[in-house]
Amino acid sequence: MSDPNVSAVEQYRNNFLREVEENVDEGQWVKMCMQCGVCAGSCPLGEHWEHSPQKLFMMIRAGKREAVLSTNSMWMCTSCYNCVVRCPRQLPITQIMHGLAAYAHRLGLAPKMQPTRDFSIQFWENCTRTGRVNELRLTIGLYFRDGLVAGFKKGWSMRNVAFGLLKAKRLNPFELFKGHECKDRKGIQAMLKKANEIDARKKRPTT
Amino acid sequence: MSAVGEMKTAAYICRGCGIGERLNTKQMAMVAQKEGKMKVVREHDFLCDASGVQMIRDDIANEAVTHVMIAACSRRAKTEAFNFQDVPMARANIREGVIWSQPEGAAAQEVTQDMADDYVRMGCAEVKKMKLPAGAPVASQNRRVLVVGGGMSGLTAALESAEAGFEAVIVEKQGALGGWAAQLWKRAPFRSPYTDPVDTGVAELVAKVTNHPRIEVHLNATLAQTSGAPGAFTVQVATESGATTALEVGAIIQATGFTTYDIAKLPELGGGQHPNVVDQAGLEALVIAAARQGVPVKRPSDGGEVRSVVFLQCAGQRDDSGKHLPYCSGHCCNTSIKQAMYFKDANPAIDTVVLYTDLRTPGMGEDFYRSGQTKGVTFTKGLASGVAAAGNSCTVQFRDFILDEDTSIEADLVVLATGQVPNSGVNIDIPEDQQPAVKPISILNLTYRQGKDLPQLKDGLTDSHFICFPYETRRTGIYAAGPVRRPMDIAQATEDATGAALKAIQAVENAALGRAAHPRSGDLSYPIVPLEGCTQCKRCTVECPFGAIDEDEKRFPLFNESRCRRCGTCMGACPVRVISFENYSPDTVGSQIKAIDMPDEFSEKPRILVLACENDAYPALDMAGMQRNVYSAFVRVIPVRCLGSVNTVWITDALNGGWDGVMMLGCKHGDDYQCHFVKGSELAGYRMSKVDDTLKQMGLETERVASYEVAITDIARAPQLINEYVAKIQEIGMSPMKGFA
Amino acid sequence: MTAPIPTSQTILVVGGGISGLTVALEAAECGKQVILVEKLPTLGGRTALLYRYFPKLCHPVCGLEINLRRLKGNRNVRVLTMAEVVSITGTRGDYTATLRISPRHVTAQCTACGDCAKAVSAEIPNPYNYGLNQMKAAYLPHAMAYPQRYVVDPSIVGTPDGEKARAACKVGAIDLDMKEEIIELKVGAVAWATGWQPYDAAKIQPYGYDRFANVVTSVEFERMCDPHGPTGGKILRPFDGEPATNIAFIQCAGSRDENHLRHCSRICCMASLKQTQYVREAYGEGGKSTIYYIDIRAIDRFEDFYRKVLQDPTVRFVKSKVARIAQDDKTGGLILHGVDTEGYHRYEAPHDLVVLAVGMEPSVKGADIPAEVIADSSGFLEGSSGGGIFGAGCASGALDVNRSVQQATATALRAIQVVNKAAAAEVAR
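Residue numbers (our numbering), protein chains in the order written: chain A, 1 to 207; chain B, 1 to 741; chain C, 1 to 429.
Hints are computed from structural coordinates only; laboratory data are not their basis. Do not rely on the hints blindly, as some may be mistaken.
[Said to hold, decoys possible] Straight line, CA to CA, 25 angstroms or less: simulated DSS-like cross-link-like pairs of lysine-lysine:
{"hint": "1", "chain 1": "C", "residue 1": "Lys203", "chain 2": "C", "residue 2": "Lys365"}
{"hint": "2", "chain 1": "C", "residue 1": "Lys56", "chain 2": "B", "residue 2": "Lys679"}
{"hint": "3", "chain 1": "B", "residue 1": "Lys728", "chain 2": "B", "residue 2": "Lys594"}
{"hint": "4", "chain 1": "B", "residue 1": "Lys34", "chain 2": "B", "residue 2": "Lys594"}
{"hint": "5", "chain 1": "A", "residue 1": "Lys153", "chain 2": "A", "residue 2": "Lys167"}
{"hint": "6", "chain 1": "A", "residue 1": "Lys64", "chain 2": "B", "residue 2": "Lys375"}
{"hint": "7", "chain 1": "B", "residue 1": "Lys26", "chain 2": "B", "residue 2": "Lys39"}
{"hint": "8", "chain 1": "C", "residue 1": "Lys308", "chain 2": "B", "residue 2": "Lys323"}
{"hint": "9", "chain 1": "B", "residue 1": "Lys605", "chain 2": "B", "residue 2": "Lys728"}
{"hint": "10", "chain 1": "A", "residue 1": "Lys178", "chain 2": "A", "residue 2": "Lys193"}
{"hint": "11", "chain 1": "C", "residue 1": "Lys56", "chain 2": "B", "residue 2": "Lys668"}
{"hint": "12", "chain 1": "C", "residue 1": "Lys170", "chain 2": "B", "residue 2": "Lys26"}
{"hint": "13", "chain 1": "C", "residue 1": "Lys421", "chain 2": "B", "residue 2": "Lys208"}
{"hint": "14", "chain 1": "B", "residue 1": "Lys668", "chain 2": "C", "residue 2": "Lys234"}
{"hint": "15", "chain 1": "B", "residue 1": "Lys375", "chain 2": "A", "residue 2": "Lys202"}
{"hint": "16", "chain 1": "B", "residue 1": "Lys8", "chain 2": "B", "residue 2": "Lys128"}
{"hint": "17", "chain 1": "C", "residue 1": "Lys308", "chain 2": "B", "residue 2": "Lys458"}
{"hint": "18", "chain 1": "B", "residue 1": "Lys131", "chain 2": "C", "residue 2": "Lys72"}
{"hint": "19", "chain 1": "C", "residue 1": "Lys365", "chain 2": "C", "residue 2": "Lys39"}
{"hint": "20", "chain 1": "B", "residue 1": "Lys690", "chain 2": "B", "residue 2": "Lys679"}
{"hint": "21", "chain 1": "B", "residue 1": "Lys439", "chain 2": "B", "residue 2": "Lys265"}
{"hint": "22", "chain 1": "B", "residue 1": "Lys458", "chain 2": "C", "residue 2": "Lys56"}
{"hint": "23", "chain 1": "C", "residue 1": "Lys308", "chain 2": "B", "residue 2": "Lys668"}
{"hint": "24", "chain 1": "B", "residue 1": "Lys690", "chain 2": "B", "residue 2": "Lys594"}
{"hint": "25", "chain 1": "B", "residue 1": "Lys128", "chain 2": "B", "residue 2": "Lys26"}
{"hint": "26", "chain 1": "C", "residue 1": "Lys56", "chain 2": "C", "residue 2": "Lys234"}
{"hint": "27", "chain 1": "B", "residue 1": "Lys452", "chain 2": "B", "residue 2": "Lys538"}
{"hint": "28", "chain 1": "B", "residue 1": "Lys186", "chain 2": "B", "residue 2": "Lys375"}
{"hint": "29", "chain 1": "C", "residue 1": "Lys186", "chain 2": "C", "residue 2": "Lys421"}
{"hint": "30", "chain 1": "B", "residue 1": "Lys375", "chain 2": "B", "residue 2": "Lys298"}
Could you build all of it, start to finish, from the sequences and the hints given here?
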């Protein structure tokens, strides 16, 4: 299988805007931005964004492919939808941000060790395996993403919360070994497989 | 009944609105009778009521009263009640001007009564000098509308005039009608939906005009000469062959449009340097040529495929270096969007970028902007610093303001959105020896003494200075319409032309009835000039703000009544005071100045004459009265049509007569002038600067004459100015001239 | 003025602001019969509530005075105030308009002496100052009001205050029994000039107009700067009445926004540029204005004015649509949050006072006009299917005064064309 990034570059050459329109969820809205910046100012995590949404749109139009796809900006989006309700052009900014993040991930350009991305991957793998989210494993996976020592330190710092949860019977240590799963695990996985196929077709209409 | 022509004056003194309680109206009546020599004098408790008005009407009908003086409220109030069309009327402002602007109480009683008595004296003196205006003599009543220019504006002006039942003539310099609009592939939409370029409609309009029974068209023709006045213009229409035809018309609309700014003046943007850099008009030509062949637009350099186009907005416009056009042409943002759509609609794969600093798509243009974006036009906020064109490609260097970087973009075609340069003819305000080397060709070739073309406002535009009155040019009966007046798009130009057509029709109607045009609309008075006294000093012909006065072959001033706006600037200018209106003259004002009861030097009652612009300062004082803003009882206010109409004789008469000071309250002059007669207040300022010498000769302090700029909103400030001035005069002391008159 | 008898040759003008006045006067000065209908007790409309015009900074009432003089001297115009059009039926050249005339409770005998206002004690919010202060319930709308005649507010009719007003009037001009009237008129053409209204700023939730005292609209700020306005021309913080020297202007407050008004209101950029000069007038170099904008739309000749303001060191421009405003509840001070998009700079800018440059929407939207008309997506009037009803001024689009007058003058001619044709048809018959 060829590198999706290399083939995308070849296919779209200098036209990153078109690439985004054709490959990113709601990407066809990017051209509608009029650079008012209300999205940038409305974002509760705005200061953590290297490039604000409106700036990303301008960068897309200016063909700054590398910079856009490798930034961690869109990974900052927490889906609060403040920007969407305030955008005077009614751009679905939240969706576009997730679309861009997903596209960057698909192309393998998303920043490595980006916490949101890590969490998304772990969460996805965790929940698709059994059809149910295993909170204990997910938590531990996140605690230890920066290494063993860091993981123990993090766990130790959270011990009081853990004991509390244990006492309230909200945390079952045996989940660590097996965990519960949904009734039709095979069925869920078949559905996800099919969904993936459909998604792949939709994302690459020209290939 | 008295004999025909015999003057019978009557004074009516109102006791309503507190006048009766505050003042001794009997005394005022006595003043009117004894000093004012009024034949009939009546008091009434409520003069503006039906019974009061009827009393006056009865006197006119039964007692042969010919002149009416009303001492009641301001001349601005109760105009419906005091509306006697058949007699001259003077109004003494006792309510707003006396009892409302003076404090109540015994202490002020005497000076307040003095004030009221004086206003009665002044009203009586004024009315005796007034005549009922008869209307300017009607020389001719030609009702045809001449339209200069056969573009979108001119065609519209002619058609709309004709549709209102008037005849119209179009004189067009080119060999065909349609102007710039005919050079366009399409135009931006002007009604819902604002999504796509639409047909220009010019062919249909040309057809309507050409087939209209009331419209006559002269092609390849210009105006060799224009003379006359509204209702009676004579124009010589010259054709290429040199033959001229004389036409009689009633009013003129100048719809001479614009020329595109020369892109060769923008070499740094590739203008005139490379075939692939064109202006908006150039692009229209390329699109039309391609459409005729049924092929996509080609690159001019090699006929190659156009895959990318960059539009540079504000090229040679909004310029503060003084090299290019300082203004924005208003239409170019929408035009570039439209042109980008030409490409996008034909082939969405063509890249189109509009490089702008402020995208200006007002009103529903916002929909068109959105539509452009929907079609994939890219809008980049940035400013081009240069265009390097070589071979078949152009590189646009620019500053991207959003991404905050200097960058560049490649394009097959670069379109410079240059501006409109008005075709306004000769700038008559530039002296002959300072005219540009390449002298502009006159459009109208007016025989007017003040110059061949319409005066220009700024940047060559023949616009009106007035926000509330966009059509008011300084040449009555000649109106500018379309981009010659102000940069504009087709939608606005057609609206503008329709409005100009109305003004032309109105000018014709006014001229036919011998009445004034704006702002003294309907005024039937006009300047009457017995030439026996005229010294041919030419001040009136030079100073008339409306170019209404020419010179006859004996070098006497030749008044064109229907060109006159009745401001009285000529009257103010005339050193020998031979110019007057029937109801406003050196005498109507002069007699008021002489009529007051002048207290002696030891009375401690100075008298200050206030000459106030009737449109701004006088209403301001009225409203001051309404709000009970008190001002000195030592002033006597006379409204004037404009400070420009103030003749220095009034000043010298006043000073000789013992007045202690003269205050002139007029409108702002200078760049943002507010004088609605354009030059009146400025001229007054100039004339008054010369009064100092006279004062010195008379042995008087120069402070005894002062001018102030007062706006209609100076309701608090005007009384304050008066009080400060009176205090200053009191400090200087009483005039030594008292008792000599 | 005498009353023209309404016929198919009469032009009905609905709305007595600058546009309606212009249509009426321009047509009347061409010799046409006009009936001018105004909903409020006075002519003049919104321009009478402006302190100054851009770009000359001259006073709107100066032009109003000229127009009122034209009106007073013209016998072709009949003015009906406090009158609303309820319906228009019929066809081009032959319309029947039904009008509802509200009681003024003051007859034409009124001399505007003001005794009634002195007598009453009840007060009502002053609509001519956008409710920023109170006025007596017997009132003259403003100093330039025409007709120059008082109004007795219906709220005091039947109260002791109403009786006091009646008793105070020496000329017996107060009629507390005056009733609403319905009248019908035959007219040939209609110019619909009902103008605009400011967009409801409270709907722009993040700006807190309904929550923060120091957030005002541009029309309110205009009144505040007028020496004859509610603060006597002082620029004050409504929160505590202290001088406001650091002022933010937020452009496109409602305009160019799919959530509010889709169109650009055209006037707001110039209005804010103008209002920065009020701040300068009030405080000299000590005042500070910041304009938050998307695009500065100083179209055509107005560029001059923009350039002048650009050179003013007390004025700063930030390309940004402000995201939200927060208030310090103790001081009433405001913090504007947003991003300057020219280079991506985040700001938290403190200001004393925020002026929302609110958009312009039609006072009567197309769908609410009681006649068959065609309107655009924002409710501005494009015309009528029958061709005898015309939009004039801001009823037809977002226009400044100059363009309104220009458009209204054109409308006058279109109306004249209709009545002239109606006249010709009558002669033919």
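Status of each hint after checking the structure:
Distance hint between lysine 203/C and lysine 365/C is fulfilled; the C-alpha atoms sit about 18 angstroms from each other, no more than 25 angstroms. Between lysine 56/C and lysine 679/B the alpha-carbon distance is near 16 angstroms, which keeps this suggested pair within the 25 angstroms criterion. Taken as a hint, the lysine 728/B and lysine 594/B pair is honoured in the structure, with Cα atoms around 23 angstroms apart against an allowance of 25 angstroms. Distance check on the hinted pair: lysine 34/B and lysine 594/B sit about 16 angstroms apart at the alpha-carbon level, within 25 angstroms; holds.
Among the hinted pairs, lysine 153/A with lysine 167/A is consistent with the structure: their alpha-carbon atoms are about 22 angstroms apart, no more than 25 angstroms. Taking the CA atoms of lysine 64/A and lysine 375/B, the gap is near 21 angstroms; set against the 25 angstroms cutoff, the hint holds. Simply put, lysine 26/B and lysine 39/B have alpha-carbon atoms about 16 angstroms apart, close enough for the 25 angstroms limit, and the pair holds. For the suggested pair lysine 308/C and lysine 323/B, the alpha carbons sit about 18 angstroms apart, so the restraint of at most 25 angstroms is met.
The suggested pairing of lysine 605/B with lysine 728/B holds, with an alpha-carbon distance near 14 angstroms, which does not exceed 25 angstroms. Our distance criterion of 25 angstroms between C-alpha atoms is met by lysine 178/A and lysine 193/A, whose separation comes to about 24 angstroms. Between lysine 56/C and lysine 668/B the CA atoms are separated by roughly 11 angstroms; this keeps the pair inside 25 angstroms, and the hint holds. Of the supplied pair hints, the one linking lysine 170/C and lysine 26/B holds, its CA atoms being roughly 21 angstroms apart against a limit of 25 angstroms.
Distance hint between lysine 421/C and lysine 208/B is fulfilled; the C-alpha atoms sit about 18 angstroms from each other, no more than 25 angstroms. The suggested pairing of lysine 668/B with lysine 234/C holds, with an alpha-carbon distance near 23 angstroms, which does not exceed 25 angstroms. Distance check on the hinted pair: lysine 375/B and lysine 202/A sit about 22 angstroms apart at the alpha-carbon level, within 25 angstroms; holds. This hinted pair checks out: lysine 8/B and lysine 128/B have alpha carbons roughly 9 angstroms apart, not beyond 25 angstroms.
Only pairs whose Cα atoms come within 25 angstroms are accepted, and lysine 308/C paired with lysine 458/B is accepted, the gap being roughly 16 angstroms. The straight-line distance between the Cα atoms of lysine 131/B and lysine 72/C is roughly 21 angstroms, inside the 25 angstroms bound, and the hint therefore holds. Restraint check: the Cα-Cα separation between lysine 365/C and lysine 39/C comes to about 16 angstroms, which is no more than 25 angstroms; the hinted pair holds. This hinted pair checks out: lysine 690/B and lysine 679/B have alpha carbons roughly 17 angstroms apart, not beyond 25 angstroms.
Distance restraint check for lysine 439/B and lysine 265/B: the Cα-Cα separation of roughly 19 angstroms lies within the 25 angstroms cut-off, and the hinted pair is therefore satisfied. For a cut-off of 25 angstroms, the pair hint linking lysine 458/B to lysine 56/C stands: about 14 angstroms separates their Cα positions. Between lysine 308/C and lysine 668/B the alpha-carbon distance is near 19 angstroms, which keeps this suggested pair within the 25 angstroms criterion. In summary, the hint linking lysine 690/B to lysine 594/B is supported, as the alpha carbons are separated by about 23 angstroms, within the 25 angstroms threshold.
Restraint check for lysine 128/B and lysine 26/B: satisfied, since their Cα atoms lie roughly 21 angstroms apart, inside the 25 angstroms limit. At most 25 angstroms may separate the alpha-carbon atoms for a hinted pair to count; lysine 56/C and lysine 234/C meet this at roughly 21 angstroms. At roughly 18 angstroms between alpha-carbon atoms, lysine 452/B and lysine 538/B fall within 25 angstroms of each other, so this suggested pair holds. At roughly 17 angstroms between alpha-carbon atoms, lysine 186/B and lysine 375/B fall within 25 angstroms of each other, so this suggested pair holds.
Proximity of lysine 186/C to lysine 421/C is assessed by CA-CA distance (about 16 angstroms); at most 25 angstroms being required, the pair is judged to hold. Note on lysine 375/B and lysine 298/B: the hinted pairing holds, with a Cα-Cα distance of about 21 angstroms set against a maximum of 25 angstroms.
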